[in-house]
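Protein chains: 2
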Amino acid sequence: MDKFTYQSPTKIHFGEGQIAEIANDIPKDKKILVIYGGGSIKTNGVYEQVAAALSGFNWDEFAGVEPNPQYDTLMQAVAKVKAEGFDFLLAVGGGSVVDGTKFIAAAACYEGSDPWEILHDQAPVITALPIGCVLTLPATGSETNGGSVVSRGKDKLFFGSPLVKPTFAILDPQTTLSLSPRQVSNGVVDAFVHTMEQYLTFPVNAKVQDRFAEGLLLTLIEEGPKALATPNDIAVRANIMWSATQALNGLIGVGVPQDWTTHMIGHELTGNYAIDHARTLSIVLPAVMQVCRTEKQAKLVQYAERVFGITTGTADERIDAAIARTIAFFKEMDVPTSLADVELGAADIDVLINSLEKHGMTALGEHGKLTIADSRKILETAL
Amino acid sequence: MDKFTYQSPTKIHFGEGQIAEIANDIPKDKKILVIYGGGSIKTNGVYEQVAAALSGFNWDEFAGVEPNPQYDTLMQAVAKVKAEGFDFLLAVGGGSVVDGTKFIAAAACYEGSDPWEILHDQAPVITALPIGCVLTLPATGSETNGGSVVSRGKDKLFFGSPLVKPTFAILDPQTTLSLSPRQVSNGVVDAFVHTMEQYLTFPVNAKVQDRFAEGLLLTLIEEGPKALATPNDIAVRANIMWSATQALNGLIGVGVPQDWTTHMIGHELTGNYAIDHARTLSIVLPAVMQVCRTEKQAKLVQYAERVFGITTGTADERIDAAIARTIAFFKEMDVPTSLADVELGAADIDVLINSLEKHGMTALGEHGKLTIADSRKILETAL
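Protein chains in written order, with this note's numbering: chain A, 1 to 383; chain B, 384 to 766.
Hints are computed from structural coordinates only; laboratory data are not their basis.
Model, not experiment: these values are computed from the prediction.
Misleading hints may appear alongside valid ones.
[Claimed, not checked] Derived Cβ-Cβ restraints for the label pairs, each shown as a range:
#1 THR371/A / LYS609/B: 36 to 46 Å
#2 GLY728/B / LYS226/A: 45 to 55 Å
#3 SER563/B / GLY309/A: 34 to 44 Å
#4 ASP717/B / ALA298/A: 28 to 38 Å
#5 ALA23/A / LYS741/B: 55 to 65 Å
#6 ALA462/B / GLY45/A: 49 to 59 Å
#7 PRO162/A / ASP455/B: 49 to 59 Å
C-beta: ideal position from N, C-alpha, C; glycine also.
Excised from the complex, chain A in its bound form:
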């Protein structure tokens, strides 16, 4: 395994009733802006729990952060933060709200000419407001990492900084019971693909990271379908919630090569056709596995054996079986597994390829060797 530096300082409060812990983890002298999305927290009891926990604190709220949080919306929050002097941000929602709050935290302190530079030019984040979060949709892992994806029109752009890692994260599986089946599916698939993008490369004899990644994949395959079949099973929700956090807090990715090709191509599907993030991943990943089966052979065979118990046949037969099982899992989770499933066809590939080129995605993969032609092959395989 390669050398690495790792730190995950976020304090996690996991389980029923933990929202009350907010009161202990935000200093009393802070002026808090509670940031949320479309208002579902107003109907599922989460807002009331947050408000109760913040009793006695000086706080206000900003609603309306969208899925794929929009730059212009977030900049409205930045204006409010600056005008009214908020100095602690509490994100209440899913990954989009947490990602959006991270950008607000950085942008409110940005001293360059335009906060857009944080996303567009990867301008360094020197200071940021402290953040806490109450997670209501397990999926992105944003609750304990320093990454954020923000959209502006058709562009989905990333920035990351340890300064925007939440100081605390409340993970109460109860809050996920009101999610729609589609949100549950998307969350499970998102966490699954996060794990795969840190796992499915080439072996570097990082045995703990491999075992941990396989443990998350096994858990998501086991629990994901149950969350759809028995939506009130809180133990299932708890396992999914904890898996999603572990999938992208950095731990399984330390010291190993990573390949975020599926995400990069997926982002263009969301940007151009407004397809849910996770549903782009379930379309692209099987095609990546197919097209990159040679460079990923050793890990694909290991995945086949350890995750699906496939131990017979040639390497290619095992890989075929593993891809088929992956697709079967996605179908069980009721997400699309081809471009045809979302009514896209060969004519749309040029649009996606143009976007990839525009965003500089011309050297993808764990070796940085996947060209635009390879991405085209992946999209054609995904037809």
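Given the coordinates of chain A, work out where chain B should sit on it, guided by the hints.
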């Protein structure tokens, strides 16, 4: 799974050459006391690397912390810290040095009448000096947790506080190449039993924790014997080092029952007969598995299947096979697996039982239901 709060803020620098990072992680204005053990760091190059990294810092050293760090020795360091005004402690060594440094950090700031109260009366730690560490012996997990075990005569006493978690930990597997085979064995077995004590209880449907624990067990079983057979294989050392940290940083233990019976009985073997800590664990654990096979049945069967691939036979047959495989692994690691192996016999059991009673160890196990009579049965089984 149960509700929990988890935080592991230690920044980890893992890999060759990472000792140099000390210079970036200790504020320049600190007066540093470097604390180490018997001086092996003077012969394996670690001391030189630390000294080079501390060039330009204001620092001094305190040598002589023993395995099973002794209270009186540590109090000498406390006197030096207070007399000379050190305000940062850098532990360089194995778990004993790190544990000892944690006590020094707490004792130097203790405002009660006698720092012994921290250990003997679990007096709360209100403040502590900041600590960093350079780990040279992977075993105890002390490098990222808040626990410490200190000895005074025959008593081994524990204290814990988040305030003594190291702010950073340097894990360079190269530093472990000079360990003796006995130290390597002890470290692997210690990490293995730490994992077992958080895993081998009863199921609470905590799938991620179970899979992570099993991943560590599988890795230690695979890599431990290799570290003895091919002692210069740095990749093997890296996997062991990372396993040992993950085994006791708290992650696999969140939200699940734990059973530290093996450690509690083992401590009396060390206290009374000066047997290496890990070698007490390899004696006691198989007997605990045997005596507690009914209450631990479900997890023992799961362990048999997932760690050793034992999938046939009755539950009792599988458990017998799993215990036999565990003993075989310990023998491969060249550690004792019975009291006879360390030349103790039936006549010694009373001594150990008396110590357990004296230390209040009268309600052990994940249910708190193991009586002194049960501990006697465990020791008799270990004969």
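Evaluation of the provided hints:
| no. | hint | result |
| --- | --- | --- |
| 1 | THR371/A / LYS609/B: 36 to 46 Å | 39 Å, holds |
| 2 | GLY728/B / LYS226/A: 45 to 55 Å | 52 Å, holds |
| 3 | SER563/B / GLY309/A: 34 to 44 Å | 40 Å, holds |
| 4 | ASP717/B / ALA298/A: 28 to 38 Å | 32 Å, holds |
| 5 | ALA23/A / LYS741/B: 55 to 65 Å | 42 Å, violated |
| 6 | ALA462/B / GLY45/A: 49 to 59 Å | 56 Å, holds |
| 7 | PRO162/A / ASP455/B: 49 to 59 Å | 41 Å, violated |
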